[in-house]
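Taking the hints into account, I'd like the entire structure generated from these sequences.
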Amino acid sequence: MIKLEGLSKIFPGHTIPAVKDLNLEVKEGDVCVLVGPSGCGKTTTMKMINRLYEPTGGKIYIRGEEALKMDPIKLRLDIGYVIQEIGLFPHMTIEENVATVPNEKHWPADQVKQKVDEVMTLVGLDPNVFKSRYPSALSGGQRQRVGVARAMVSDPPIMLMDEPFGAVDPITRARLQNEFLRIQERMGKTIVFVTHDIDEAIKMSDTIAVMREGELIQHATPSDLLSAPADEFVSNLVGRNRSIKRLHLIRINEILEDVNRAKPISEDAQTEEIKKQLDQSDIRTVIVVDRNNKLKGIIGVNDLKRTTGEVAKDYCQDVSDTVTSDATLNDALSVMLELGEGYVAVVNEDDQYEGTITLGDLLNVVKEDN
Amino acid sequence: MDQFISCMGNFFSRAVNGIVLSAQSEDPGIIMRTIDYLSRRSDLILDLMLEHLWLVVFTLVIAIAVSVVVGVIISYYESFAQTVLGICQVLMVIPSMAMLAFMVPIFGIGFTTGVVALVLYSLLPIVRNTYTGIRELDPAIVEAAKGMGMTERRVLLKIKLPLARPVIMAGIRTAAVMMIGIAAIAAYVGAGGLGELIFSGISRGHQPMIIAGAIGVSIIAVAFDYLLYWGEKRFSVEGRTREVTE
Numbered sequence: 001m002i003k004l005e006g007l008s009k010i011f012p013g014h015t016i017p018a019v020k021d022l023n024l025e026v027k028e029g030d031v032c033v034l035v036g037p038s039g040c041g042k043t044t045t046m047k048m049i050n051r052l053y054e055p056t057g058g059k060i061y062i063r064g065e066e067a068l069k070m071d072p073i074k075l076r077l078d079i080g081y082v083i084q085e086i087g088l089f090p091h092m093t094i095e096e097n098v099a100t101v102p103n104e105k106h107w108p109a110d111q112v113k114q115k116v117d118e119v120m121t122l123v124g125l126d127p128n129v130f131k132s133r134y135p136s137a138l139s140g141g142q143r144q145r146v147g148v149a150r151a152m153v154s155d156p157p158i159m160l161m162d163e164p165f166g167a168v169d170p171i172t173r174a175r176l177q178n179e180f181l182r183i184q185e186r187m188g189k190t191i192v193f194v195t196h197d198i199d200e201a202i203k204m205s206d207t208i209a210v211m212r213e214g215e216l217i218q219h220a221t222p223s224d225l226l227s228a229p230a231d232e233f234v235s236n237l238v239g240r241n242r243s244i245k246r247l248h249l250i251r252i253n254e255i256l257e258d259v260n261r262a263k264p265i266s267e268d269a270q271t272e273e274i275k276k277q278l279d280q281s282d283i284r285t286v287i288v289v290d291r292n293n294k295l296k297g298i299i300g301v302n303d304l305k306r307t308t309g310e311v312a313k314d315y316c317q318d319v320s321d322t323v324t325s326d327a328t329l330n331d332a333l334s335v336m337l338e339l340g341e342g343y344v345a346v347v348n349e350d351d352q353y354e355g356t357i358t359l360g361d362l363l364n365v366v367k368e369d370n
Numbered sequence: 371m372d373q374f375i376s377c378m379g380n381f382f383s384r385a386v387n388g389i390v391l392s393a394q395s396e397d398p399g400i401i402m403r404t405i406d407y408l409s410r411r412s413d414l415i416l417d418l419m420l421e422h423l424w425l426v427v428f429t430l431v432i433a434i435a436v437s438v439v440v441g442v443i444i445s446y447y448e449s450f451a452q453t454v455l456g457i458c459q460v461l462m463v464i465p466s467m468a469m470l471a472f473m474v475p476i477f478g479i480g481f482t483t484g485v486v487a488l489v490l491y492s493l494l495p496i497v498r499n500t501y502t503g504i505r506e507l508d509p510a511i512v513e514a515a516k517g518m519g520m521t522e523r524r525v526l527l528k529i530k531l532p533l534a535r536p537v538i539m540a541g542i543r544t545a546a547v548m549m550i551g552i553a554a555i556a557a558y559v560g561a562g563g564l565g566e567l568i569f570s571g572i573s574r575g576h577q578p579m580i581i582a583g584a585i586g587v588s589i590i591a592v593a594f595d596y597l598l599y600w601g602e603k604r605f606s607v608e609g610r611t612r613e614v615t616e
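In order, the protein sequence lines correspond to chains A and B. Quick note: the first sequence, position 363, residue 363 per our numbering, numbers continuous. Offset between the second sequence (1-based) and our numbering: plus 370.
Hints in this document: simulated from the structure, not taken from any laboratory. Quantities reported herein were computed from a predicted structural model and do not represent experimental measurements. Hints are all accurate, no fakes.
Here are the simulated lysine-lysine pairs, BS3-like style, with alpha carbons at most 27 Å apart:
1) A:K3 to A:K105
2) A:K275 to A:K305
3) B:K603 to A:K131
4) B:K528 to A:K113
5) A:K3 to A:K20
6) A:K189 to A:K105
7) A:K131 to B:K528
8) A:K74 to B:K528
9) A:K59 to A:K69
10) A:K105 to B:K528
11) A:K3 to A:K27
12) A:K263 to A:K367
13) B:K528 to A:K115
14) A:K59 to A:K20
15) A:K105 to A:K131
16) A:K189 to A:K27
17) A:K294 to A:K275
18) A:K313 to A:K275
Spelled out as structure tokens, the structure:
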């Protein structure tokens with residue numbers, strides 16, 4: 001889909017090239033993450049693909065066509081672009097921002113409207129609420145979503161993303177990443193993604209291209225990169241905690257079936273039943289759900305002693321944090337550490353209970369891998 | 371603004387001198403005489419005020435058109451920019467009397483000379499603010515616009531100019547207020563306006579005339595500044611954002 005051949009860039013007034021003889025191929029539907037320390041040329045490489053920077057040497061092929069011979073405006077209109085500081089236009093409403101590319105392509109007005117609504121819903125922003133707002137009235141996470149929506153609105157087959165989730169707190173970032181992966185699973189776009197965060201790279205990518213000082217050091221799948229780093233630089237970059245990093249690669253729903261854990265009890269269960277379940281439970285806690293299988297809370301051994309009551313509803317304590325089943329094992333681990341518990345409840349998008357993951361399960365996964 | 375203040379200061383000091391002189395000549399009725407003059411010649415004063423205003427508005431429209439275009443052009447050519455701004459700076463520090471004197475041999479006496487001189491004076495604030503307003507935009511915003519496939523012309527019209535507008539407007543306000551002051555001097559070359567009242571007052575030693583002219587100029591200046599300020603607020607993005615969030 002995208003092929004870079006002997007690509008290089010020397011900025012005027014510099015002698016050292018920012019990008020040196022780079023060869024890279026990104027297959028259709030793949031997410032290729034360019035990763036490396038700042039100044040390694042990853043952003044420069046990305047900006048050469050939509051010709052914001054003109055290469056000083058080499059060739060770029062997009063779907064077999066030579067990009068350097070195409071009209072740059074036409075080329076850019078068909079490549080979604082999300083940049084580091086999001087770059088929303090502060091004087092335009094969210095609707096006008098998202099409609100930028102369709103308007104440049106002169107789509108009919110009603111089609112633009114419909115598509116804007118569609119793509120805003122896709123990234124989790126209610127069009128009726130946010131359409132008429134200005135970017136200054138949005139939170140950082142919401143702005144990132146608008147940035148992604150704006151890049152996707154005309155359904156470009158290729159997207160370039162330069163640290164799109166850089167400017168938000170870690171919790172929002174993990175959520176945005178998961179949502180993005182969910183969207184990507186459905187859309188199957190070809191994406192070049194730039195980040196300096198190796199954890200993000202491992203989580204988001206089909207292939208990772210590690211760069212240093214303008215050169216491509218290794219281009220491999222995340223699991224190959226972790227098991228066989230090309231040189232010391234790469235192994236330093238992925239770090240010593242490779243087993244932990246592996247947790248980024250595995251999603252909870254991949255292991256949830258193999259984990260055999262006691263069923264949750266309904267909120268109307270009697271004390272006797274709760275006691276029986278608690279004895280069997282390896283986490284000394286039982287999960288309580290309501291009639292719609294929605295997570296209601298948990299009951300620990302001490303809760304039974306402390307409070308008096310008859311049914312599960314009366315003993316049940318609130319759960320402060322859960323993970324969704326499409327989160328990674330690393331997300332599960334962070335939640336466990338944060339809560340100070342050896343387990344975490346897994347729910348789906350509608351807050352329905354799906355299972356429980358324990359520290360022991362994570363250990364088993366890491367053990368199997370080694 | 372500074373020029374305007376010093377300019378106004380000039381008029382006022384002349385007027386105050388008049389008041390002091392008249393006080394020394396044991397003529398206590400200067401204020402009464404001014405009020406009397408204002409009421410007697412109100413039609414003339416109003417006519418001159420309208421003439422003054424016409425001169426300023428006419429000149430401002432030309433000045434905005436010329437200066438914004440120049441400002442936009444130099445925002446694309448960095449090396450060119452400093453030279454152009456330097457020339458504008460030099461034009462602005464030429465004393466107004468000298469500037470008008472230069473103009474007379476070229477354009478003769480009358481309205482045109484006044485307009486040309488005033489346009490040259492107002493170049494700097496508008497050109498400079500257009501230039502800096504565009505240069506100091508967040509580069510991420512401009513890059514996003516380009517990266518999404520906007521042509522350079524569209525980037526300028528849809529992104530750069532609207533975003534730089536508050537800064538450009540500030541430049542226009544400075545230029546307008548300054549112009550109102552200098553336009554009074556332009557009466558010397560027959561451009562008309564309240565300057566006529568002031569100059570004939572000085573040559574005839576008629577203080578109420580001087581004061582009447584100065585008051586007229588001040589009223590126009592304050593009203594104009596407020597009007598532009600109000601317009602700027604009314605159409606600014608912040609104003610609109612607040613409406614939406616509240």
